[in-house]
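Asks: Residues 1 to 257 (this note's numbering) make up the sequence shown, in order.
Mixed in with the good hints there might be a few duds.
Stated by the list, open to error - The calculated label-pair distances, taken between Cβ atoms and stated as ranges, are:
id : residue 1 : residue 2 : range
1  : E219      : N89       : 18 to 28 Å
2  : A183      : Q211      : 39 to 49 Å
3  : D166      : P242      : 47 to 57 Å
4  : T117      : P228      : 32 to 42 Å
5  : N116      : T75       : 44 to 54 Å
6  : N153      : Q211      : 15 to 25 Å
To be verified - Subject to a maximum C-alpha distance of 30 Å in a straight line, what follows is the list of computed DSSO-like cross-link-like pairs (lysine-lysine):
id : residue 1 : residue 2
7  : K208      : K253
8  : K100      : K253
9  : K208      : K121
10 : K167      : K149
Calculated directly from the structure, the hints in this document are not laboratory data. Fair warning: this is a prediction, and the values are worked out from it, not measured in the lab. Even glycine gets a Cβ: it sits at the ideal position worked out from N, Cα and C.
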Amino acid sequence: MLTEMKKNSPVFKFTSPEKTTLSEYLRIFKTQENKDNVGGETPVNFIMNQTGNIYYATTSEVMQERTKELFDCVTVLFAAMTRALALSNKTLFDYDAWEKMISSTGFFVQVQKFSNTLTIKSGSLSVDTQIVQNLLPGLTAGRSMQIAKDVLNALSGEFTRSQEDDKAKIAHLLFICEELFGAPSVTVRLFYATKESHKKVTSSPCHKSVQTSFEQLQEASTFLFVDPAAIAKYGVILNQEPEEYTRLIERLKSYVQ
């Protein structure tokens with residue numbers, strides 16, 4: 001997954017967009033020069049859409065057609081999901097609404113739920129920069145970094161306005177669209193926090209550095225997005241379980257009983 005990439009693996013390379021349509025992303029990716037291809041390693045291009053809800057990563061100069069179709073599907077699905085929230089008088093920060101929708105569509109499979117502690121260090125880097133770089137290692141500067149910071153600022157504002165219990169969860173949904181070495185995939189991260197867990201962050205300006213280091217809890221659930229077209233194509237095939245395959249499964253099962 002994107003956040004598990006290490007700096008000694010693919011070389012991180014950030015591309016700043018001037019527009020945020022998918023066609024523009026593809027143009028940027030296609031014309032991106034691999035100037036930082038150190039030691040033969042493959043650069044990874046990163047870009048965030050304008051709302052901060054879709055994050056793209058690719059190692060290809062030109063996206064494959066199936067990748068474009070998959071990413072377009074994500075854009076349409078996200079638009080439909082946000083419209084459904086609006087019609088239900090829910091906000092984009094509503095954790096319970098997002099969780100219910102994700103678990104009910106049949107398009108998402110939960111693969112991870114993580115909770116880790118980030119140390120916000122005193123010094124020159126602002127609080128929001130440290131948080132973004134921890135959650136999305138590919139972002140270092142530019143327009144996409146600013147978009148991610150704006151999301152954090154919006155979350156802080158929601159904490160301030162919220163009249164709910166200090167333990168009530170506020171969320172941010174992020175689609176991570178990747179085409180790495182020709183293989184397209186989409187995962188979804190549902191980040192969440194509470195007033196209680198983010199008290200230190202909201203009590204100080206995120207755009208500034210801090211004089212004293214402190215620890216900050218980071219929590220999220222990760223889901224694998226299953227393309228509806230793939231479900232329609234392979235669902236019938238996978239449902240037809242050959243007798244030989246069934247016998248193999250039974251044999252393997254006997255080894256662990």
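Asks: Does each hint fit the structure? Answer for all of them.
Replies: Against the structure, the hints:
1. E219 x N89: 18 to 28 Å: With Cβ atoms ~26 Å apart, the hint holds.
2. A183 x Q211: 39 to 49 Å: holds, 45 Å
3. D166 x P242: 47 to 57 Å: holds, 55 Å
4. T117 x P228: 32 to 42 Å: holds, 37 Å
5. N116 x T75: 44 to 54 Å: Given range 44 to 54 Å: violated, Cβ gap about 30 Å.
6. N153 x Q211: 15 to 25 Å: With Cβ atoms ~21 Å apart, the hint holds.
7. K208 x K253: violated, 57 Å
8. K100 x K253: Roughly 34 Å separates the two Cα atoms, so the pair is violated.
9. K208 x K121: Holds: K208 and K121 sit about 12 Å apart, inside 30 Å.
10. K167 x K149: holds, 23 Å
The earlier numbered hints that this structure contradicts are 5, 7, 8.
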